[in-house]
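> Chain residues, written in single-letter form:
Number of protein chains: 6
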Amino acid sequence: MKLREFLALLDSISPFELQEKWDNSGLQVGDPNKEVSRVYASIDLDSETIEWLEPGSVIVTHHPLIFGKLSSLSYDSYPAKLLVKLIQKDIAHIAMHTNFDKTHLNSYVAKKVLGVEPRCEEFVCLFEKEGSFDEIVAWVSQKLGLVCPRVVERKETIRTIALTTGSGGSLIGSFQADCFLSGDLKYHDAIKAKELGIGVIDIGHFESERYFAQALREQLKKHQIEAIIAPIKTPIKVWNETVH
Amino acid sequence: MKLREFLALLDSISPFELQEKWDNSGLQVGDPNKEVSRVYASIDLDSETIEWLEPGSVIVTHHPLIFGKLSSLSYDSYPAKLLVKLIQKDIAHIAMHTNFDKTHLNSYVAKKVLGVEPRCEEFVCLFEKEGSFDEIVAWVSQKLGLVCPRVVERKETIRTIALTTGSGGSLIGSFQADCFLSGDLKYHDAIKAKELGIGVIDIGHFESERYFAQALREQLKKHQIEAIIAPIKTPIKVWNETVH
Amino acid sequence: MKLREFLALLDSISPFELQEKWDNSGLQVGDPNKEVSRVYASIDLDSETIEWLEPGSVIVTHHPLIFGKLSSLSYDSYPAKLLVKLIQKDIAHIAMHTNFDKTHLNSYVAKKVLGVEPRCEEFVCLFEKEGSFDEIVAWVSQKLGLVCPRVVERKETIRTIALTTGSGGSLIGSFQADCFLSGDLKYHDAIKAKELGIGVIDIGHFESERYFAQALREQLKKHQIEAIIAPIKTPIKVWNETVH
Amino acid sequence: MKLREFLALLDSISPFELQEKWDNSGLQVGDPNKEVSRVYASIDLDSETIEWLEPGSVIVTHHPLIFGKLSSLSYDSYPAKLLVKLIQKDIAHIAMHTNFDKTHLNSYVAKKVLGVEPRCEEFVCLFEKEGSFDEIVAWVSQKLGLVCPRVVERKETIRTIALTTGSGGSLIGSFQADCFLSGDLKYHDAIKAKELGIGVIDIGHFESERYFAQALREQLKKHQIEAIIAPIKTPIKVWNETVH
Amino acid sequence: MKLREFLALLDSISPFELQEKWDNSGLQVGDPNKEVSRVYASIDLDSETIEWLEPGSVIVTHHPLIFGKLSSLSYDSYPAKLLVKLIQKDIAHIAMHTNFDKTHLNSYVAKKVLGVEPRCEEFVCLFEKEGSFDEIVAWVSQKLGLVCPRVVERKETIRTIALTTGSGGSLIGSFQADCFLSGDLKYHDAIKAKELGIGVIDIGHFESERYFAQALREQLKKHQIEAIIAPIKTPIKVWNETVH
Amino acid sequence: MKLREFLALLDSISPFELQEKWDNSGLQVGDPNKEVSRVYASIDLDSETIEWLEPGSVIVTHHPLIFGKLSSLSYDSYPAKLLVKLIQKDIAHIAMHTNFDKTHLNSYVAKKVLGVEPRCEEFVCLFEKEGSFDEIVAWVSQKLGLVCPRVVERKETIRTIALTTGSGGSLIGSFQADCFLSGDLKYHDAIKAKELGIGVIDIGHFESERYFAQALREQLKKHQIEAIIAPIKTPIKVWNETVH
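Chains as they are written, first to last, in the working numbering: chain A, 1 to 244; chain B, 1 to 244; chain C, 1 to 244; chain D, 1 to 244; chain E, 1 to 244; chain F, 1 to 244.
FYI, nobody ran anything at the bench for these hints, they're computed from the structure.
It is possible that part of the hints are untrue.
As the list makes no split between identical chains, a pair holds if one copy fits it or if it spans any two.
[What the hints assert, rightly or not] The calculated SDA-like cross-link candidates involving lysine to any residue, where the alpha carbons are at most 25 Å apart (straight line), are: (1) Lys89 x Ser47; (2) Lys112 x Leu171; (3) Lys237 x Trp139; (4) Lys89 x Glu130; (5) Lys69 x Glu117; (6) Lys186 x Val39; (7) Lys69 x Met1; (8) Lys186 x Ile225; (9) Lys2 x Leu144.
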């Protein structure tokens with residue numbers, strides 16, 4: 001299969017035209033006329049990941065490396081330095097971002113990772129789960145493997161929960177829920193949530209979207225393609241004095 | 001002193017025209033012709049803070065409540081519900097945001113809180129401090145009272161440190177430093193920092209800017225005005241299972 | 001009925017989504033969860049009107065108080081000073097502007113006030129009425145109670161008349177009529193009308209739209225709601241030397 | 001003198017580069033290489049004025065005929081029909097609008113017509129004149145020949161007056177004065193003025209700017225050019241029932 | 001037939017609403033209420049053409065004279081000087097540009113001039129024609145009467161050819177063809193074509209679109225209107241030293 | 001010397017900040033920290049040129065490869081395919097476009113190639129040269145080696161000539177000259193020139209700017225850097241039937 005045909009296959013799984021207009025999902029780097037050999041899947045790409053990949057392969061990630069206007073390929077700037085490495089190792093790179101959020105990722109995380117039955121629309125999945133705030137935090141932390149999650153506490157019992165994998169802070173106020181699970185929690189969004197009476201649990205941008213690799217592999221399997229999940233670690237660590 | 005004259009005094013301390021064009025520093029709520037009685041200072045305002053303030057007073061905060069277009073004062077939306085409470089208690093509200101960042105806050109935190117001698121320009125203060133990454137994290141955590149800070153680790157020795165109080169992620173790549181101290185660390189900024197070889201310590205948006213109140217009080221004292229520091233807590237807590 | 005439900009009722013009478021994109025019809029001030037007691041209707045709000053209203057009530061006006069970007073609630077600026085008074089008296093305020101123009105107001109004025117049978121489309125109602133220009137001015141003045149109306153004279157007989165309540169000058173040239181009835185007549189629009197051979201009678205922005213209150217009351221009656229028409233006077237007076 | 005040189009002379013009297021960026025002052029119609037014979041001055045141009053002008057002449061007006069984008073010269077549209085008439089009679093047309101407002105017109109009307117000594121800046125002239133509102137209206141009406149002027153009344157004594165010839169409603173709130181003299185008074189500007197405690201007298205767009213012709217003639221005389229004042233009447237009449 | 005009715009007839013042949021949004025097809029100059037006498041057709045208008053036309057006639061061209069914003073009718077500027085001549089000779093001018101490209105011109109040139117059977121969509125017609133690049137250039141040059149055409153050579157055999165009359169360089173890369181026929185070939189578009197392996201033959205903007213006159217005449221004949229083809233020459237000559 | 005230092009040297013020769021805001025002069029591809037070995041200069045880059053260049057070198061061109069937004073590095077698109085080749089051969093690429101036009105290129109071509117003494121400002125050089133149009137075409141063709149140049153003829157004697165290397169058509173009408181020398185002549189610009197009485201000789205975009213390489217080499221020599229002029233041919237050929 002040529003890269004061009006593989007792109008068409010991905011488009012049939014999650015149409016690229018569903019992406020938001022500020023997004024850049026699709027082919028990032030690569031020769032559409034080259035034969036696709038090995039296929040990798042990963043939430044993202046960094047230098048270590050590229051080091052690890054086999055030359056001549058293709059990697060499908062959630063986030064596109066080219067975001068915003070690219071006017072220079074200076075080797076000491078980001079993301080140019082990674083694009084250069086991909087070209088040097090002859091690795092193709094495709095991104096499936098907001099289109100895949102809408103068609104698969106949110107509901108995958110809700111169903112397969114949290115084990116709930118959600119009602120999903122655009123970027124938000126809603127589901128019922130009753131408990132104290134502490135109970136919900138404990139449950140989510142265990143399900144997603146969170147360490148010292150940052151939270152906006154809510155005293156009253158939680159009944160309805162909203163989930164947006166990745167970075168969903170700007171959505172606060174646009175849905176009805178007692179608690180919001182999303183990543184990249186910012187201070188001003190936390191104030192807003194608190195004033196609107198909505199609890200928040202920062203489930204991590206990486207921690208909530210790393211399931212992209214599994215979700216995509218599951219889809220590709222239906223087309224007899226065995227995607228390899230590329231190893232990647234979040235650049236963010238929670239610093240715990242006692243450990244050091 | 002009338003509110004109008006108090007505004008002029010603040011302008012002489014940190015000219016409002018220095019604010020960024022997307023900012024909204026200045027009078028948020030209040031009657032310019034009313035006599036100013038009690039003056040409060042705080043990084044921000046929330047419902048509890050307003051509850052605590054005395055009617056008829058004025059509060060100067062770092063962040064403006066009105067940000068972006070305000071097209072409705074619906075009592076169940078944010079920030080309208082806080083603006084309504086201020087009006088009901090007849091409390092005036094003034095913000096000194098990016099103008100004060102440039103003239104006072106960054107260098108205040110560097111000098112008075114971290115105890116270093118920085119070179120400051122616009123939103124970034126640079127200073128020298130040698131140590132391993134772990135030593136720097138320990139030192140910063142102790143100085144700013146951080147709990148489980150999120151970090152992007154850097155193996156090599158730190159020599160030059162950059163500081164931007166508040167939310168400085170978009171500045172990564174625009175300065176030369178081994179380690180960056182700022183708040184609201186986002187996942188994609190963390191990837192960029194890691195790829196550029198810059199360590200990051202998330203010092204918290206709230207935790208790094210709460211010194212606004214002290215910095216402003218210090219300035220007002222020179223004009224024989226005794227500002228009261230309003231109590232406020234960050235809405236974000238680090239959830240620690242063992243505690244619960 | 002809660003304010004939220006009253007808004008939904010108004011939306012069923014004249015959908016807010018019909019408003020022009022530069023408009024700001026909808027909730028201006030108020031708590032959606034509060035019980036609606038007394039309902040007022042008026043073309044507009046000024047200090048005297050607010051003085052007159054009962055605390056805790058809701059007033060529906062034609063023009064929204066919040067127009068354009070509101071970046072400060074300074075008590076000495078307009079419209080902030082009126083918004084502040086509404087909040088202090090706990091009065092809710094809703095605007096039904098260009099949506100109501102399209103669904104009700106233009107045709108109401110044509111039918112109920114002028115007593116004609118118009119063909120209405122968007123912001124213009126057309127109807128037949130034959131007479132000399134002087135006869136038409138006399139007829140309109142009597143119907144609408146105009147004093148010394150400003151006119152652009154047309155020598156030939158009038159047969160077709162166009163009506164746009166409020167301020168319709170920018171529409172001149174976009175319809176076929178011998179005479180145009182609208183308010184806020186500007187000098188350059190008058191030149192244009194004269195050169196295109198269209199007579200104009202300035203029927204007043206206030207004078208032609210004050211019927212908003214009656215038109216809305218008529219609609220609310222069908223839903224068993226008795227709206228009280230709030231007293232308001234135009235700020236514009238025609239100065240007549242002999243009177244003084 | 002060629003038209004090109006006459007334009008340069010006008011530019012030396014009131015530099016065209018002082019015009020506002022939305023303005024279109026300068027050559028509207030004409031051959032820069034043609035000899036200028038007769039020179040006319042007028043606030044504006046209409047069909048009757050063009051009829052009256054001598055072929056081959058040049059007319060300088062306050063308002064430009066070409067305003068906004070001109071994409072068609074259809075003889076039945078405005079202002080194309082007037083441009084066509086100018087070309088057919090070989091008459092050149094130059095506009096001196098916001099540049100002349102700033103350099104001459106406002107202060108000319110204040111000094112020569114109202115007989116006061118103003119302080120002028122950009123589009124506003126301020127001067128002192130004490131009296132009751134009625135006295136001020138009577139005085140202005142007599143000076144400018146106003147019939148039934150529309151006013152926003154102010155109860156307290158007038159001391160400081162602001163003047164903007166033409167259409168100055170958008171400036172309300174940007175200056176400190178008890179009473180504002182300007183033309184084209186719109187209903188919403190009237191509400192704003194009333195709420196801010198500023199009286200307004202609508203002195204007419206035409207009535208306040210027709211002095212353009214005299215003011216320009218005065219300047220041209222210094223350069224030995226005798227401008228003829230073209231006759232023009234306002235298209236707006238105040239309809240007085242008793243007269244008809 | 002009045003000019004207004006003639007416009008409606010042209011609209012029925014090729015709807016003006018099909019034009020691109022940056023285009024200005026439609027009435028350029030003329031009185032919609034005047035009787036149409038003689039009708040001319042031409043790709044364009046220049047001074048000599050206008051000289052040649054009979055007063056009181058109407059000319060339909062491919063390119064509109066008014067393109068972009070017209071803010072002055074200075075007789076020494078282009079296109080104002082031509083608009084002035086049209087008005088002085090009382091000649092109406094209508095343009096049928098991108099609407100006619102889409103409905104008639106491209107396919108007319110392909111079928112009637114090149115004698116092929118194309119598949120046309122928007123601005124591009126595709127057809128099959130096998131031959132070496134030199135054979136194709138010779139064939140096109142003979143069909144269109146080209147002298148020393150500028151070309152981007154392609155070594156391999158041509159099979160599929162794309163045609164865009166006028167100036168189609170920006171379309172390179174948006175269609176699949178071995179060779180592109182279009183006018184106004186620019187250097188950077190030539191580089192792009194060469195790198196993408198597409199041959200280009202510059203068939204001239206004028207040389208490829210002068211058939212507008214015939215194509216329109218053919219359509220008008222169906223409505224019993226005999227259009228006269230106005231004589232016009234391209235301003236561009238190929239300079240051949242030996243001739244001089 | 002590192003690439004970073006070479007960039008600084010080029011900036012001292014022709015400051016990059018002088019470039020137009022739509023331009024993208026500066027580093028296109030390359031590692032700022034790598035040692036610069038061989039330096040090439042050329043008007044442009046194509047596949048053959050890159051083939052010819054030595055790995056690890058740097059090439060300075062007039063036109064930047066990255067123009068407009070680059071959102072994908074698909075190997076079958078232009079200019080991505082050339083950027084990919086540069087990276088694969090580890091060749092750095094720097095562009096000096098509109099900054100170099102202003103500081104060197106225009107005047108270089110006028111003085112060193114045409115042998116005249118021009119007055120240059122921004123993108124236009126003016127000089128005196130008397131002769132018939134044919135004489136001027138012959139002289140220019142000989143100096144620049146033009147074959148069958150396309151021209152807009154002018155009958156009267158030429159005295160003042162304007163020169164803009166590259167593509168200067170949009171400048172027609174902004175300067176006073178009898179004849180204009182520039183490349184990429186478009187049909188509509190030719191009509192405009194003819195109507196304004198300006199002769200035009202299309203001196204070729206490539207043919208007039210290929211001197212970039214010499215002009216830059218001359219400057220670099222002053223800094224003891226020997227630039228090699230890379231071979232490149234224009235993609236545009238004039239097709240002459242007799243030759244084939």
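> Next, verify each hint and record whether it holds.
Each hint tested on the structure:
In this assembly of identical chains, the alpha carbons of Lys89 and Ser47 lie at most 25 Å apart whether taken from the same copy (12 Å) or from different copies (20 Å). With identical chains, the CA atoms of Lys112 and Leu171 are at most 25 Å apart within one copy only, with a shortest distance of 23 Å there and 37 Å across copies. For the homomeric pair Lys237 and Trp139, the shortest alpha-carbon distances inside one copy (21 Å) and between copies (17 Å) are both at most 25 Å. Taking CA atoms no more than 25 Å apart as the test, Lys89 paired with Glu130 passes in neither setting, with 50 Å inside one copy and 37 Å between copies.
Taking the closest pair of Cα atoms, Lys69 and Glu117 never come within 25 Å of each other, the shortest separation being 39 Å inside a single copy and 37 Å across copies. In this assembly of identical chains, the alpha carbons of Lys186 and Val39 never lie at most 25 Å apart, being 35 Å within a copy and 29 Å across copies at closest. Proximity of Lys69 to Met1 under the C-alpha cut-off of 25 Å is found in neither arrangement, the shortest distances being 31 Å within a copy and 30 Å between copies. With identical chains, the CA atoms of Lys186 and Ile225 are never at most 25 Å apart, being 39 Å at best within one copy and 33 Å at best between copies.
Taking CA atoms no more than 25 Å apart as the test, Lys2 paired with Leu144 passes in neither setting, with 36 Å inside one copy and 41 Å between copies.
Violation of the numbered hints given earlier is confined to hints 4, 5, 6, 7, 8, 9; the remaining hints are satisfied by the structure.
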